[in-house]
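Since chain A is already given, all that's left is putting chain B on it; use the hints.
2 protein chains.
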Amino acid sequence: MPDIPGIDVKRVESDIYKIAEFGAVEGERGVYRQGFTEADWQARQWLLGYFKEHGLDAHIDGAGNVCGRYGPADQPAVIIASHLDSVPAGGIFDGTLGIVAGLECIRVIKEAGLKLNAPIELIATSEEEGRFGGMLGAQALTGKLTLDWLEQARDPKGERLTEAMAKCDLNYHDALTVFRAPDSVKAFIELHIEQGPVLEAVDKCIGVVEGISGVYKWLVKLKGKADHAGTAPMDLRSDAFMGLADFAHEIKRLIAENGTDKTRLTIGYVKLKPGYAHTVPGEVEFTIVGRDMSEEVMKDLADSSRKALSAIARSHGLMFEYEQMSWLAPKAMSNEIMAVVEEQTKKLGYSYQLMPSGAGHDAQFFADITPAGMIFIPSVNGVSHAPDEWTHWPDVEKGCNVLLHSVLALTGVED
Amino acid sequence: MPDIPGIDVKRVESDIYKIAEFGAVEGERGVYRQGFTEADWQARQWLLGYFKEHGLDAHIDGAGNVCGRYGPADQPAVIIASHLDSVPAGGIFDGTLGIVAGLECIRVIKEAGLKLNAPIELIATSEEEGRFGGMLGAQALTGKLTLDWLEQARDPKGERLTEAMAKCDLNYHDALTVFRAPDSVKAFIELHIEQGPVLEAVDKCIGVVEGISGVYKWLVKLKGKADHAGTAPMDLRSDAFMGLADFAHEIKRLIAENGTDKTRLTIGYVKLKPGYAHTVPGEVEFTIVGRDMSEEVMKDLADSSRKALSAIARSHGLMFEYEQMSWLAPKAMSNEIMAVVEEQTKKLGYSYQLMPSGAGHDAQFFADITPAGMIFIPSVNGVSHAPDEWTHWPDVEKGCNVLLHSVLALTGVED
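As they're listed, the protein sequences go chains A and B. Take the first sequence: its position 178, counted from the start at 1, is 178 in this note's numbering, and no numbers get skipped. Take the second sequence: its position 164, counted from the start at 1, is 164 in this note's numbering, and no numbers get skipped.
Next comes chain A alone, as it looks inside the complex (with noise of 0.2 Å):
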């Protein structure tokens, strides 16, 4: 293989700001570009202009994603892809940096003259973030929508997914057919931010993503007896509060028990009713959010899970009901694509650390056609999903060359 320069960071730097104008707010902090907003689309309109101007064979498929491809025709392509959407209030390099680092690479292949035995596609997805349910540019790629569905999707305000694609010039049925064929495709790659705490806390700069973690949430009421609090004795309660702090006191064994380093239980929502100081509450609903990068550890934690609210709640006089709102299982990342990441890791002299993703991301939809996988740089201070979001630049000059080494593995270069 040729030599292969450098990517210069002062170019993507430059992207990175340029697209965070697309859905700045006068007055806030932050990134406001959710899925098929007018700052999304108008985003989306920019990028296809500037995929166009760096020679990318490009266009707006049915489903709102900006794919730009480049290379030999007729083979099937290496995807670099992130999302070019954002939370409200997101931060400036969730999504974008991969699209950015992607064009970046094709930038320095082209200045070097490479030539590419297998195209590149690069692929700005849409509504990824979640405004609709998320993820949706992804499950169109990979075949998972339905009619059905899209036809169903709202957002927290109530507006139709088929009415906001509309205003985007959309018709919500072409979003049907831009699926890929598994043979159109070699492999998927993205290059994100953490959004976590874990490369910096161990102070590797290169996460190599073994898998995204699976998930369950469950939505779990306690009953017991809302009494005055002066009036009822302590051991003639039935207080729904304390059940759940003894389940929550729980949580550590269950891990310890059942759990891996890459177990995460998580209680985000917490109702009291009545919910008065000077009442015992008498009904507690909360959540459990259960992750792990094994179904099977999944199950034994949600098992135990179970077990401990049963007996906890019998200890207090309580009701125990849940309901499983969802349970999605892990995905694993290609091995082949690992090692590429690891290998070239190495080879440019980065430390790297082998970490799941504990966030959803479109690969796990990819990883369903091809070979995907991911690669992460430091959050500082794990932060992302909010307006200090923030990344050094040299964590992100050395990410887009892990990416564009990877690419060129996988691709392979003429010499």
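In short, the hints are calculated from the structure, not lab data. Predicted model only: the values in this text are computed from it and were never measured. The reader is advised that the hints may include incorrect statements.
[To be verified] Residues from chain B that face chain A, not an exhaustive set, calculated with beta carbons under 7 Å:
{"#": "1", "residue": "Ala166"}
{"#": "2", "residue": "His173"}
{"#": "3", "residue": "Gly196"}
{"#": "4", "residue": "Lys217"}
{"#": "5", "residue": "His228"}
{"#": "6", "residue": "Ala229"}
{"#": "7", "residue": "Leu236"}
{"#": "8", "residue": "Ala248"}
{"#": "9", "residue": "Thr266"}
{"#": "10", "residue": "Tyr276"}
[As the list claims (entries may be wrong)] DSS-like, lysine-lysine: derived pairs with alpha carbons at most 25 Å apart:
{"#": "11", "chain 1": "A", "residue 1": "Lys273", "chain 2": "B", "residue 2": "Lys273"}
{"#": "12", "chain 1": "A", "residue 1": "Lys252", "chain 2": "B", "residue 2": "Lys223"}
{"#": "13", "chain 1": "B", "residue 1": "Lys18", "chain 2": "B", "residue 2": "Lys144"}
{"#": "14", "chain 1": "B", "residue 1": "Lys273", "chain 2": "A", "residue 2": "Lys271"}
{"#": "15", "chain 1": "B", "residue 1": "Lys307", "chain 2": "B", "residue 2": "Lys223"}
Each residue gets a CB set at the ideal place from its N, CA and C atoms; glycine is no exception.
The following block gives chain B in isolation, referenced to the frame of chain A:
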């Protein structure tokens, strides 16, 4: 002392149902007779007439208390009191029972031709339940009210106390003139439902109240860091809710080490921020309400809670702050009155239990000007402040008989 006939529980039952009509709302369960509402005022005027029908020297004072006197003039009186107002959707016994029981005592005394050495004053106090803060009538009678407080008090909907009183033809300035000189009062006694589960649990019929528990209320904040519930490993979180759960888990130990069997520690209000299932809670706000019969114990509970919270906050990387919203010292009931009630209960052959009152009562103010005591009778399932509040009539009968005999022991009867 001459023979004393038993009270007639049928008349008590009839009076309770009669008063329950004031504040009954079409299509709703429970009594709506909040202080200084139209229903409350109609009930007071009816009660004034009813007192007079029974030969009491009766009037409504400047604080809205309905006062009726029976027995020799110019002597310090034994006050039998309870409140006529209710919480919204309250029960038919809370407060009303004590007034009706007092009236039945006077009926029996008259019918038996007993000559009292000291007069009885029967008082239906106003605004005990707290529409404007609570125990207004009792505070007026014991000299605790101030002009400033009267002028600033509002109900939760924002209506001024002064306006609500004006609608009842009361000039609020007159509430400052009704206080009783301590030498005009011989004793204070009140029969009330327990509003808790203790008497039922120990299978005793009469509660001899030792005092009103002291109570403090803290508003506590634990501040950590909101994180993505997928990307933040368990050991890198500052999860505010897990701090609260650890503290709740310590409550049993805190009471075992610092409290008594009369201690209550309650977490009744909890608010997580941001409160999303998929986000590690960065902040939690919650209340701690502590009660005991000893102020020393209350201080120990507060100190040990503060230490526990500080240590837990440190171990989770949280910031801990709290505000003490209120601190009311316990108020002991008079040993003299307790001895009288205990003795008469024994003579009547009823089972009894010494116990604190976890809820506040008018007696805590009367205790400052005269020997004060209370008699409790069981609440079915401990329920009160709810439409399904209930006390069995045989228990009502026993409670009324204990009141009658105790009052006669306090007034003295001519042989």
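Okay, the hints, checked on the actual structure:
1. Ala166: violated (30 Å)
2. His173: Interface hint status for histidine 173 of chain B: violated (32 Å vs cutoff 7 Å).
3. Gly196: holds (3 Å)
4. Lys217: holds (6 Å)
5. His228: holds (6 Å)
6. Ala229: Cβ of alanine 229 of chain B sits 4 Å from chain A, so the hint holds.
7. Leu236: Holds - the Cβ of leucine 236 of chain B comes within 7 Å of chain A, reaching about 5 Å at its closest.
8. Ala248: Holds. Min distance 3 Å.
9. Thr266: With a closest approach of 4 Å, the threonine 266 of chain B hint holds.
10. Tyr276: Holds: closest Cβ of chain A sits about 5 Å from tyrosine 276 of chain B, inside 7 Å.
11. A:Lys273 - B:Lys273: holds (17 Å)
12. A:Lys252 - B:Lys223: holds (20 Å)
13. B:Lys18 - B:Lys144: Violated: lysine 18 of chain B and lysine 144 of chain B sit about 32 Å apart, past 25 Å.
14. B:Lys273 - A:Lys271: holds (12 Å)
15. B:Lys307 - B:Lys223: holds (17 Å)
In the structure shown, a violation is registered for the earlier hints numbered 1, 2, 13, in ascending order.
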